[in-house]
Amino acid sequence: MDSIISAASVLAAGLAVGLGAIGPGIGQGNAAGQAVEGIARQPEAENKIRGTLLLSLAFMEALTIYGLVVALSLLFANPFTS
Amino acid sequence: MDFIQSTSLNDPSSFILLSGVEVGKHFYWEFQGTTLHGQVFIVSWFVIALIILFSVLGTSNAKRIPESWQNFMESVVEFTQEIAVNQLGESEYRPWLPFIGTLFLFIFGCNWAGALIPWKLIELPSGELSAPTNDINTTVALALLTSVTYFFAGFKKKGLGYFKRYLQPTPVLLPINILEDFTKPLSLSFRLFGNILADELTVTVLTMLVPLIIPLPIMVLGVFASSIQALIFSTLAAAYIAEAVEGH
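Read top to bottom, the protein sequences are chains A and B. Take 593 as the starting number for the first sequence in my numbering and just add one per residue. Take 23 as the starting number for the second sequence in my numbering and just add one per residue.
Because the hints were derived from the structure by calculation, they are not lab data. Possibly wrong hints are sitting among the right ones.
[As the list claims (entries may be wrong)] If we take Cβ atoms under 7 Å as the criterion, some of the chain B residues that face chain A in the derived model are: (1) Phe-212; (2) Arg-213; (3) Gly-216; (4) Asn-217; (5) Ala-220; (6) Ile-250; (7) Ile-254.
Each residue gets a CB set at the ideal place from its N, CA and C atoms; glycine is no exception.
Next up, chain B with everything else stripped away, as it sits in the complex (with noise of 0.2 Å):
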């Protein structure tokens, strides 16, 4: 069902178009055998080029008094430390900050690459370059690597004793237990996910109705969502880390 078409913006009739998504359309590639979604990856690549050569520049010339991208990015590694000892507290926290770091990161640097940059000024094949977060491709891969990650806190922390979480508070709750290891991936992917399709198609609606100014609060209101997501990820993720090693 093609809901919304895409239009190109060189077709001078359909200059208002400027925002059209195209949802279940990509542009694949074939890589031995697999297909693989090719704007995803182009953006994934540009946000993980940019984060590196923001650490590069954060790192390289490193000075006791910080300045300029140092300051930056020594402000931007204590946010995302925040974010793991609030969840996990100062004694736990470090073993697991670089993998939430590298999701907030990760999925912030994906949300608004994909608001703020006019991706649809490059034109593909098929499909069109957009937040690599808005393919649930992508955010289920994102969930299931937290899933593995608390997985294997627990192991790590207390070996196979971590399956006497499951029996607790008693083992009458076992299936809601088990049942919960489905529905936290599940969760975390479809509200990434969500959101940011959400986002996309409300702007897409509101810009082919009234094409200049209306749409510009749900643009900045889809910016602060996104930064949020980021944020509500990475701390889920810590919080199933910590629920995982915690003592009882």
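Same shape as in the complex, but just chain A (with noise of 0.2 Å):
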């Protein structure tokens, strides 16, 4: 295999991950830190603001599953190393 594509590749697949595990981690604070402050403010509501909060973590988190995807394809399924 040709080093250089071997070290584009592993570079890849790291910034893949961590540059889009940037977006997704300030939004889900952002999330996060709104819910405490939803059920500081309405305690009754909590098990509501618990299941909506989760279901959108989840959406935040396929965004960094996404890089992750492709960082994983770039380590063991490189279409550039055959």
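Make one complex out of these two single chains by using the hints.
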């Protein structure tokens, strides 16, 4: 395998997850903070808030996961190395 | 690229690698000219058999006042019913409940079968047994089924008038609306596949570093996350169907 290609693939895999984690990290922090605020204001709505929070957290997490899928395909199923 | 080499349990020097993950290696079956991923089929059949067994246990000898298994299965059915009702509403949910409920139970069973059962103890000639959902073919198949279902739901409800949806709110958004039909199955399948595979890889890497105790919280997180993923997949499937059948 070409060493340049493997070096670039490994670097790109790291960047794909690392950069992809920034946005969802901020988003999840915001969402969780707002949820805590909501629960503090209305403790009786806790169950509903928790359900919605978990669902929306999973959506944000999906964005990082897309980066992860790209990274995994670079590491294990690299189309350029055949 | 062999990132994580698999090792056999019989090899005493490698007893640490109990949870080696083999990405891209499969237990191939030849069936009438096509190549199948055998390990996915074995675990899927196991999960399907388990769900059928639970249903039979729950419904045989049904009583007016439910006991043990019937009680359990009734609460499971009510849970899936709630997923459908929340997205589709009381009046529309019933025809789609079997689809959404099956999706939820199958994905949930697959994820937990991969997370909870020590498949590594069963040796395969190549590849390894694990959650069927960590093979992208499984998740793509499930996502495409969802696509077909929401198209069918739209046509059944509105006939060809279903295509009017693409011109709303303005005809300018036509390309975006068409693109959405492709991104829906893509995101559905990647989300499930990525989450399950990521969890298994994290556990593997941690187990390689520290074999005892330390990976446990991650495993628990994985069990939790995979149940949430099943919930999300079925909720989204219900939401897409609801989007297709709702009247404007």
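The hints, checked one at a time:
1. Phe-212: Cβ of Phe-212 of chain B sits 5 Å from chain A, so the hint holds.
2. Arg-213: 4 Å, holds
3. Gly-216: Check passed: Cβ of Gly-216 of chain B comes within 4 Å of chain A, closer than 7 Å.
4. Asn-217: With Cβ-Cβ at 6 Å, under 7 Å, it holds.
5. Ala-220: Interface hint status for Ala-220 of chain B: holds (5 Å vs cutoff 7 Å).
6. Ile-250: Check passed: Cβ of Ile-250 of chain B comes within 6 Å of chain A, closer than 7 Å.
7. Ile-254: Holds, about 5 Å.
Every hint from the earlier list agrees with this structure, and none is contradicted.
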